[in-house]
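S.K.: Using the sequences provided together with the hints, build the complete structure.
All residue numbers for the sequence shown refer to the working numbering, where the first residue is 1 and numbers rise by one.
To be clear, the hints were calculated from the coordinates, so they are not data collected in a lab.
Keep in mind the model is a prediction, meaning the values are calculated, not measured.
Where a beta carbon is used, it is the ideal one built from N, C-alpha and C, also for glycine.
Each hint should be verified, as a subset may be incorrect.
[Said to hold, decoys possible] Using C-beta positions, here's what the derived DEER-type ranges look like:
hint, residue 1, residue 2, range
1, K101, S19, 18 to 26 Å
2, R138, P46, 20 to 28 Å
3, N67, S22, 34 to 42 Å
4, F55, D20, 17 to 25 Å
5, F18, N107, 25 to 33 Å
6, S16, E57, 23 to 31 Å
7, D110, L143, 32 to 40 Å
[Claimed, not checked] Keeping only pairs whose Cα atoms sit at most 25 Å apart, straight-line, the calculated DSS-like set for lysine-lysine is:
hint, residue 1, residue 2
8, K125, K36
9, K36, K65
10, K95, K7
11, K66, K125
12, K101, K34
13, K125, K115
14, K141, K115
15, K52, K36
16, K141, K65
17, K65, K101
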Amino acid sequence: MSNIPQKLSEFLETLSMFSDESQRINLLISYADKFKAVTEEIAQRPYSDENKVPFCESGAYVWVKKNTDGTLKFYFAVENPQGISAKALAAILDKTLSGEKPEAVFNLPDDLVYKIFGQGLSMGKNMGLTGMMQMIQRKSKALSM
Numbered sequence: 001m002s003n004i005p006q007k008l009s010e011f012l013e014t015l016s017m018f019s020d021e022s023q024r025i026n027l028l029i030s031y032a033d034k035f036k037a038v039t040e041e042i043a044q045r046p047y048s049d050e051n052k053v054p055f056c057e058s059g060a061y062v063w064v065k066k067n068t069d070g071t072l073k074f075y076f077a078v079e080n081p082q083g084i085s086a087k088a089l090a091a092i093l094d095k096t097l098s099g100e101k102p103e104a105v106f107n108l109p110d111d112l113v114y115k116i117f118g119q120g121l122s123m124g125k126n127m128g129l130t131g132m133m134q135m136i137q138r139k140s141k142a143l144s145m
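M.R.: Structure (structure tokens):
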């Protein structure tokens with residue numbers, strides 16, 4: 001896991017301790033419950049399409065801001081109140097990747113969504129969650145230049 005920042009690596013290690021699928025799901029739901037939507041200081045409704053995650057059935061939006069020290073801060077909106085997976089991923093990404101340098105984010109492994117949610121994802125969920133990952137990577141790369 002050399003391409004994975006420490007906080008995210010620690011989260012994945014914690015997640016791997018749950019061999020029971022229902023315990024893993026409960027942990028992910030607890031992250032969804034901790035989700036905090038983007039504040040009006042960062043973005044106002046209606047949100048711009050440039051921040052909308054393609055293929056995400058939950059109506060997710062992503063913003064990435066560069067801090068004065070060169071690290072990143074992530075903000076998310078999930079318009080569908082039932083978008084538990086999108087909210088969980090948003091909360092996980094904010095908690096584990098905010099404070100990282102752009103290079104640490106755009107070099108994340110392609111299979112990160114599966115490492116978090118497992119192989120049982122539906123195609124629709126996989127496309128939306130992978131879209132969130134790709135968007136934070138793209139926006140992080142743009143901020144590194």
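S.K.: So, for every hint listed, does it hold in this structure?
M.R.: Here is what the structure says about each hint:
no.	hint	result
1	K101 - S19: 18 to 26 Å	34 Å, violated
2	R138 - P46: 20 to 28 Å	22 Å, holds
3	N67 - S22: 34 to 42 Å	38 Å, holds
4	F55 - D20: 17 to 25 Å	30 Å, violated
5	F18 - N107: 25 to 33 Å	27 Å, holds
6	S16 - E57: 23 to 31 Å	27 Å, holds
7	D110 - L143: 32 to 40 Å	20 Å, violated
8	K125 - K36	20 Å, holds
9	K36 - K65	16 Å, holds
10	K95 - K7	8 Å, holds
11	K66 - K125	28 Å, violated
12	K101 - K34	24 Å, holds
13	K125 - K115	14 Å, holds
14	K141 - K115	22 Å, holds
15	K52 - K36	17 Å, holds
16	K141 - K65	12 Å, holds
17	K65 - K101	11 Å, holds
Of the numbered hints stated above, those contradicted by the structure are hints 1, 4, 7 and 11, listed in ascending order.
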